[in-house]
Amino acid sequence: MADAPLLELRGITKRFPGVLANDSVDVDLRHGEVHALLGENGAGKSTLMNILYGLYTPDEGQILLNGEPVELGSTKGAIEAGIGMVHQHFMLIPVMTVAENIVLATEPRRRVVLLDYDTARKRVRELSERYGLIVDPDARIDRITVGQQQRVEILKALYRGAEILILDEPTAVLTPQEAQELFEIIRALKTQGKSIIFISHKLNEVLEIADRITVLRRGKVVDTIPAEGATEPGLARMMVGRDVLLRVDKKAAHPERPLLQVENLTVVDDRGLETVRDVSLEVRAGEIVGIAGVDANGQSELIDAIVGLRAPSSGRVLVDGKDLTGSSAKDVIASGVGHVPEDRHRRGLVLPFTLTENLALHAYRTSPNSRRGLLNLRAMSERTRRLLEEFDVRGGTPSTPAGSLSGGNQQKVVLARELDADPQVLIAAQPTRGLDVGAIEFVHRRLVEQRDAGRAILLVSLELEEILSLSDRILVIYEGRIAGEFLPTATEEELGLAMTGGSSQEAA
Amino acid sequence: MSDELLSEEAELPPEPPDQGIPSVGTALLQRASRFYGVIGTLGTTVLAFFMAGLVVLVTGHNPLRVYRAIFDGTGLNWFFHVGDYSARIPFSTHHMWFPWDTASVAADNLQQTLLLTAPLILTGLGLAFAFRCGLFNIGGQGQYLVGSYISIWIGTSFVHMQPFAHVLLILICSALAGAFWAGIAGFLKATVGAHEVISTIMLNWIAIWVGSYLLGQGGPLQNSTQPEIPISNSVVDGAKLPVFWGLKLLQGLSIGIFIAIAMLVVYWILINRTTLGFEVRAVGFNAEAARASGISVARNYVLAMGVAGAFAALGGAIDVLGWEYQLGPNDVQFSEVGFIGLAAALLGRNSAVGIGLAALLFGGLLTGTSDRQLNPNIFPPELAGNLATIIQGLVVLFVGLNLAGLVYWFKRRRAA
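Chains A and B are the protein sequences, given in the same order. Each residue of the first sequence is one higher than the last, beginning at 20 in this note's numbering. Each residue of the second sequence is one higher than the last, beginning at 4 in this note's numbering.
Be careful, since some hints might not be right.
[As the list claims (entries may be wrong)] Computed far set for chain B versus chain A, every beta-carbon distance over 10 Å:
| # | residue |
| --- | --- |
| 1 | Val49 |
| 2 | Leu60 |
| 3 | Ala90 |
| 4 | Met99 |
| 5 | Ile175 |
| 6 | Gly222 |
| 7 | Leu250 |
| 8 | Leu279 |
| 9 | Ile298 |
[What the hints assert, rightly or not] Taking CB as the label site, the calculated pair distances span:
| # | chain 1 | residue 1 | chain 2 | residue 2 | range |
| --- | --- | --- | --- | --- | --- |
| 10 | A | Gln199 | B | Ile201 | 49 to 55 Å |
| 11 | A | Pro113 | B | Leu400 | 57 to 63 Å |
| 12 | B | Phe101 | A | Leu393 | 37 to 43 Å |
| 13 | B | Ile393 | A | Ala158 | 42 to 48 Å |
| 14 | B | Trp208 | A | Leu393 | 51 to 57 Å |
| 15 | B | Gly196 | A | Val165 | 29 to 35 Å |
Treat the hints as calculated values from the structure; they're not laboratory data. No residue lacks a Cβ here, since even glycine has one placed at the ideal position from N, Cα and C.
The following block holds chain A by itself, in its conformation from the complex (with noise of 0.2 Å):
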């Protein structure tokens, strides 16, 4: 019996106030597979996982263990079920060892109350060597890459004796390289029997690991199909409900002048280390250049210093030939450049204010919005609806909050508010992040139209596909360098190798 389920998830619904986050679910795990949870943010992945890891109890509906009912009823209760669970946001204790955060809360000891290390480190090894996970127990987790640190989340779940592993979306902080190489521990888990639930949303990278594929929708489940036979559009349909263009279409570039100038750009962040070094790069009219990099090498600091956030320790930034070096972001707003932040959270959108107030963030200084410093309500009001209209902003009046829109909708009111000015020059950093396909799709095709219309468009990505398809040419910024230009026609292999400060090739 090969087949008969390790573990079923039968008719689980799961109910927040006014949400039904699970309805009625029914998914199974064979043993020794790699199973999808494949659908967009908000379907309900993580919900059910949670489920499983026993931080919510179902309202509805009962988990199967080897075919027995289990009660969770904590994390505690899932870990002795043999569950472990590799969260997207590491739970690591930074200053601790490799070796102690694994064997934390279940400690080898000596008399009583003494970490006994040495046995600690010995276990550790011999666990990381026969599911073939190298790390070195001594290491201290915040000396070690983010690769690193998701292998020692996943030894730590197998210490506690997990035989279903489940990750939520692991990639997602990954360079490609060390994607692979998470793809390779995946399979070697696999052949030791583990089983693995596989949380994502990138189609791509579930077709090439997973077994088979569970796409959920608006918290039910669309469909379970084996990995072989599927394909991507196929699977983007079932998770959206209708055809995807997955390709951005767009014509050739007709780049004109310079109209961002970037020239040996020196910035030092909060902590007083210089994290963009000698940065020179130039985006001309009617070009999207894509800056392409792993996390924190120097991307957010070079965005601050071009829109006036941060002041540069030395070099020039000019806007269509105005140097703007050093000036204040309202300054630099009323120059002509638009910017679409990387964290709409934070800085983007003013969550509790209403769609309005967040449309007239910059807009509000200047007439018909405010005449002597009064503000006018109508205006304002009628601003939002045309914007709201134009960019099919869903799920909100003019006076609803934006903190109760989806994470979609609420990119297109940033986009709005941004493009609404008429920006010479658009910085987007990291525009679809957290965003589902089709509001990806919705995004991008409005940097082409942006390209199209004459803007220079500076895109900052951590994700790799989004820089190839959309920019005209490819920077890849590495330790606060730019490590090489590329044409879109290059592939991640090169980019990535660039990324992490391999060779730095000149291809363009």
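Using the hints provided, position chain B relative to the given structure of chain A.
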């Protein structure tokens, strides 16, 4: 093997569900919070009175009778005695028909309640305006005092000034002084990041002791005729606010209450209808997003504190010009108007209407429990003063607890 840490992990509150869900969830929460906002505030008040009532019970008195007596002491019962009366039209010799008796005991009490309500509104606004910018201005007391010192100083000088101009000059200068005083805290926050709670508390102490010196024996504002008494001169008659109800000699009600109400309107307009208010609220909700939109966070910190300080200082001015007329170090040391105003703003949830009503509640409570107004046969006034403090404390505590949030939390726990 110990499982203690594991079980602790299990006790962690569950993470919010995926991205899409909080969006709908927050919408509900917001709708719920507006509903709970009013209900919660009322509930907070009722609960505070209920628990204080238990204290009354312990002292061997009947809480319902005590509350009734306090209510009568506030003068708010005046509105219930409708009849056929005549009232003098303020600032004239004419009389007109009026549904209430303007000369009854209740009328006297109500004047006292409203006299106290006015500065509470203004110090409450001092907290509220800064709060909208994300600043917790504990310095209302100091700003109030600075306003009253300026009022004493200018009110006892310029003896021959035209009355209206004199009053106007005092109000403007007091407001500016309060703005400057609070602005110090805003400036320190904006430039070196000094926390405004600490700096405003320190500024309170500075204001208290500077005032004690100014008004005390040998101080520059001490009276010129009796060097052994530490008290200021009385402000000149022309600088006193006109009393429109009751007798000036018996602490009648001055037009200060209208100034306070006008400031509630000014506050509402500033916050909701001006670019200043827009910026202040943007900074208060999300300083980082405001900064990215080109709004100067530092400038708004200074401005918001300045406006807040101006409101609170006006409170000091209308008290001095409305009924105190002179001040001594003792008045300065024992004044708590700024702190009660803080409670009023918290209870009123920083809305103009809420602050007005909450200030009336606390003004009434102070009047109703004072030994002049409360019937000593029902409840000893020395206990009653403590009762007022207990109720204030409970209200602030419950507001801090966020009663609505607590109810929601309990419901969730039961559901989980």
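Exercise. Can the suggested window of 29 to 35 Å be confirmed for the beta-carbon pair glycine 196 of chain B and valine 165 of chain A?
Worked result: holds, 31 Å
Problem set entry | Status of isoleucine 298 of chain B, Cβ more than 10 Å from any chain A Cβ | violated, 8 Å
For this session: Take a quick look at glycine 222 of chain B and tell me if its Cβ sits farther than 10 Å from every Cβ on chain A, holds or violated.
Result: Correct as stated: the minimum Cβ-Cβ distance to chain A is 41 Å, above 10 Å.
Problem set entry | Cβ distance range 49 to 55 Å for glutamine 199 of chain A and isoleucine 201 of chain B, holds or violated | holds, 53 Å
Exercise. So is methionine 99 of chain B really clear of chain A, every C-beta pair being over 10 Å apart?
Worked result: Non-interface label on methionine 99 of chain B holds, nearest chain A Cβ at 38 Å vs cutoff 10 Å.
For this session: Would you check whether the claim that valine 49 of chain B is not at the interface survives, using Cβ distances to chain A and the 10 Å cut-off?
Result: holds, 25 Å
Problem set entry | Non-interface label on leucine 279 of chain B, tested against every C-beta of chain A at 10 Å | violated, 6 Å
For this session: Given the range 51 to 57 Å, decide if the beta-carbon distance of tryptophan 208 of chain B to leucine 393 of chain A lies inside it.
Result: violated, 39 Å
For this session: Note whether the CB distance of isoleucine 393 of chain B and alanine 158 of chain A lies within 42 to 48 Å or breaks it.
Result: violated, 58 Å
Problem set entry | Pairwise beta carbon distance, phenylalanine 101 of chain B to leucine 393 of chain A, judged against the given window 37 to 43 Å | Holds, at about 38 Å.
For this session: Confirm or reject the statement that alanine 90 of chain B sits farther than 10 Å, beta carbon to beta carbon, from all of chain A.
Result: About 39 Å separates alanine 90 of chain B from the closest Cβ of chain A, which puts it past 10 Å; holds.
Problem set entry | Distance restraint hint 57 to 63 Å, applied to the beta-carbon atoms of proline 113 of chain A and leucine 400 of chain B | Hint violated: Cβ distance 37 Å, outside 57 to 63 Å.
Figure legend: structure checked against the earlier numbered hints; hints not met, in rising order: 8, 9, 11, 13, 14.
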